[in-house]
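Residue numbers (our numbering), protein chains in the order written: chain A, 9 to 295; chain B, 18 to 382.
Among the hints, erroneous ones may be present.
Across the chosen pairs, the derived CB separations fall in these ranges [as the list claims (entries may be wrong)]:
#	chain 1	residue 1	chain 2	residue 2	range
1	A	136	B	83	53 to 59 Å
2	B	192	A	163	53 to 59 Å
3	A	180	B	359	52 to 58 Å
4	B	84	A	164	36 to 42 Å
5	B	192	A	96	56 to 62 Å
6	B	112	A	152	56 to 62 Å
7	A	84	B	112	40 to 46 Å
8	A	96	B	32	42 to 48 Å
9	A	104	B	86	29 to 35 Å
10	B	81	A	180	30 to 36 Å
11	A	180	B	284	57 to 63 Å
12	A	234	B	112	46 to 52 Å
13	A	223	B	86	48 to 54 Å
The calculated lysine to any residue pairs, modelled on SDA-like cross-linking and capped at a C-alpha distance of 20 Å, are [stated by the list, open to error]:
#	chain 1	residue 1	chain 2	residue 2
14	B	121	A	194
15	B	121	A	196
16	B	279	B	368
17	A	121	B	298
18	B	358	B	314
19	B	121	A	193
20	A	121	B	30
21	A	181	B	122
22	A	207	B	148
23	B	122	A	196
24	A	181	B	71
25	B	221	B	79
I should point out that these hints are in silico values taken from the structure, not numbers from a laboratory. Ideal placement from N, C-alpha and C gives every residue a C-beta, glycine not left out.
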Amino acid sequence: MNTRYSDNRPLPLRILALLGKILILGSASIFTAFPFIWMIVSSLKTKADILNTDIFFPTEPQWNNITSILFNSPIPRYIFNSAWVSLVIVALQIISGAMLAYALVFLKFRTNKILFAVVMATYMLPVAATYIPSYIILADWKMLDSFRGLIISSTVSIFGIFLLRQGFMQIPKGLVEAARMDGASHWRALWEVVAPMTKASFITFGLMNFISTYNNYMWPSLITKSSEYFLVSQGLRAFFIRDGAYGTEWALVMAASAVVVVPLLVLFAFTQKWFINGIGGETGIKG
Amino acid sequence: MAEIILKNITKEYENGFQAVKNIDLEIKDNEFVILVGPSGCGKSTTLRMIAGLEDISDGDLYLDGKRINDVSPQDRDIAMVFQNYALYPHMTVYQNIAYSLKIKKVPKDEIDRRVKEVAASLGLTDLLDRRPGQLSGGQKQRVAMGRAIIRHPKAFLMDEPLSNLDAKLRGQMRVEIADLYQRLNTTFIYVTHDQTEAMTLGTKIVVMKDGEIQQIDSPTNLFNYPVNKFVAGFIGTPTMNFFDAECLEENGELYLKTADGKIVLTPEKQQKLREGNWVGKKVTGGIRPEHVRICSEEETAFKGNVSVFELLGSNAIIYVQCGEERIVINTDETAQQEHGKELFLNVKEEKLHIFDPESERTITN
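The whole structure should be built from the sequences, with the hints applied where relevant.
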C-alpha cells in the first residue's frame, strides 16, 4: 500500500466516508454539468420533445438540427468572427502586457511603483464605468460597428499585465542583465530570455483571455450593430429572438449553442494542463 | 583591449544613500584590476556602473577615451561574469555560449567553430548539449566564462565569480582565471571580498570602504605599505595585530613603549616620527603575525599566555592573550605550544607599522 497516512477507522466507517465523498462530489458534478448535457441532448430533439419534460433523450435524434445550423445559418460566420477577433485581441494583449510587465519588473525608473498602482487601480474600476468614455472615443475615431473598434478597444488587459508581472518576478534579475551584457536589447531579452522561462503564465493568460473574449457579450453588443460583425454571444441572442418569443425554434437554438461551444471544448481538451496550472498558481518552472 | 577611466564617479540612490562617493580610477589596457573591500563598500556597484547596469549619478566614465555614461550595456562591448552565473536555464550550454554571437548575427558556421573552440579550451566539449540545471557549480562557472570569452570583448567584468564554489574548486578556478588572463591579454576588472583572490590575481588592487577608495596599488605594495589601518587590517591573513603604544625618547633614541616593554625603532621610523612631532604622543602600532617573534623576557614588548595553537602543516598560528589584547603569531616553529604557556613577544622592527590613532593614517612605512 502506498498511502501517505494510515486510516485507523473500522472498515464500515471507511466505506461510509468514501460513499459520502462520492455522493457529495458526484451530485455537485451533476448539478454543474446538467445544463450543458441537457443542451447537447436537446440539440438533437424536436421542438415538441424539448417542451415535453417527461423525456430526457430524443425519441429520434434530429441530426438535421446540427446540419442546418452548420450550413443554413449565420452561426459559423459568428464563430469565425469570434475566433479571429479573439485571436488578434489576445495576441495584442500578450505583446502589450508583456512589455508593460517587463518594464515594471526589470526597468528602474522613478515612477515605477506609481505606474503599477495606477494600473492596478484601473483593475478595480467596474468595467461598465468605462463603457461610455470608450464608446465616445471609438465614435470620435469612427470605429463603431467595426472589427477594428472591437480590437483596438481591447488591446490591453490589466489582468494579463498582473499575471505576467507575477510570473516575471520569479525570474532572477541577473538573467536579464546577463542578456543585456550579451548584447540583447530589452525587446530580445523579453522574448528570448524572459518569455521562454514564463511560458506557463503566457499560455494561461492567452487561454483565459481567448475564452472570455470569445464569449464576450456586453461590450461587443454595445458597439456593433451590423450582424456581419457579431461575435457568438450576440449572434446567438439574435438567433434566439429571430422569430419573436412564440416562434422560438428551441431545437435550433440548442443546436446553435452546442456548435458554438465546440471550439472551446477542443481548445480545452488540448490545454487542460495549463488551465489547471494557471488556476493552481503554479508557474510551470521546475526548480 | 580597453582603457577605462572613472572620474569623480558617484552613485546616489533615491533615498539619498551614497553607495559610491566621488571615486577616481584609471584602468590601463591589459590590467587585472581587483576591487576589494568588505560587504557594502560599493565595489559591486562600481563594477555595475562600468557594465552599464547601474546609472551613474555623477561623474564621467570613459572607455577608450569615449564618454559612455549614457551608452546602454548592450553597446559597451564589455562582458560580465555574474556571481550566480546567470546562465539561461532554457538554453543548452552551446546556446548559452553562442547567444551573444547569435545577436550579432555572426554566420552559423563561424558561431559553431568559435563555440567549439571556447568549449575545448574550458573543458566543456562533452557538456554542450546539457542544460545549466544538469551542471555542477564548477561547470556552470566555466560556461559563464565561456559566454564572456567567446565575444572577444574589450574588457571582462567579474562580480565575485568564485564565491558560490567550495574551497577546493575555488582554488582551482582561481588558477584557471589567472591562466585565462595570461592567454587573453585583455583588461579584467574583478570584484571580490576575498583578499587571497585579490592578492593572487590582481596586477592592481583597489581597496574600498564605505563607497570610498582607500588605496590603489600593487599587491606587494598594499601588503608592505598600507596607507591606513583599514587597508593594513584588510589585507593579509591572519590579519595584522594592532596595539596601543607611546612614542618616547631615551638617550636620543626614539622607541615605542608598549603594555609590557618596549619596541626599538629603525632610524627611518624615528626620523618620520620626529618629523611628524609624535614624540611623547600615543600612537597605534601594527605588526603582521608573521613578523612577531618570540623573544627573551628582557627584551619583551608583550607578554601573555598561549590560548590557541593551530598547526597548519608547514607553519603554525599561535594566539597569545596579552592582557586585554590578543596577539596572533604566524611562525615556522611547528613545535606544539601548550595551552596557557607564558610567551614573551617582540616584533621585527623593520616590519613595524605605526598609525595615527585618530585619523588611522600611516605615520611610517
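Each hint, compared with the structure:
1. 136/A / 83/B: 53 to 59 Å: Taking Cβ atoms as reference, residue 136/A and residue 83/B lie about 56 Å apart, which means the hint holds.
2. 192/B / 163/A: 53 to 59 Å: Since the Cβ atoms of residue 192/B and residue 163/A sit about 56 Å apart, the hinted range of 53 to 59 Å holds.
3. 180/A / 359/B: 52 to 58 Å: holds, 55 Å
4. 84/B / 164/A: 36 to 42 Å: The hint (36 to 42 Å, Cβ to Cβ) holds, given that residue 84/B and residue 164/A are roughly 38 Å apart.
5. 192/B / 96/A: 56 to 62 Å: holds, 58 Å
6. 112/B / 152/A: 56 to 62 Å: violated, 49 Å
7. 84/A / 112/B: 40 to 46 Å: holds, 44 Å
8. 96/A / 32/B: 42 to 48 Å: holds, 44 Å
9. 104/A / 86/B: 29 to 35 Å: holds, 31 Å
10. 81/B / 180/A: 30 to 36 Å: holds, 31 Å
11. 180/A / 284/B: 57 to 63 Å: holds, 59 Å
12. 234/A / 112/B: 46 to 52 Å: holds, 50 Å
13. 223/A / 86/B: 48 to 54 Å: holds, 52 Å
14. 121/B / 194/A: holds, 15 Å
15. 121/B / 196/A: holds, 12 Å
16. 279/B / 368/B: OK: residue 279/B and residue 368/B at ~15 Å, within 20 Å.
17. 121/A / 298/B: Answer violated: residue 121/A to residue 298/B is near 56 Å, above 20 Å.
18. 358/B / 314/B: Holds: residue 358/B and residue 314/B sit about 14 Å apart, inside 20 Å.
19. 121/B / 193/A: Roughly 11 Å between the alpha carbons, so the hint for residue 121/B and residue 193/A holds.
20. 121/A / 30/B: This hinted pair holds, its Cα atoms lying about 16 Å apart.
21. 181/A / 122/B: Not OK: residue 181/A and residue 122/B at ~25 Å, beyond 20 Å, violated.
22. 207/A / 148/B: holds, 17 Å
23. 122/B / 196/A: Roughly 13 Å between the alpha carbons, so the hint for residue 122/B and residue 196/A holds.
24. 181/A / 71/B: Holds, because 13 Å separates the two Cα atoms, which is no more than 20 Å.
25. 221/B / 79/B: Satisfied, since the Cα-Cα distance of roughly 19 Å is no more than 20 Å.
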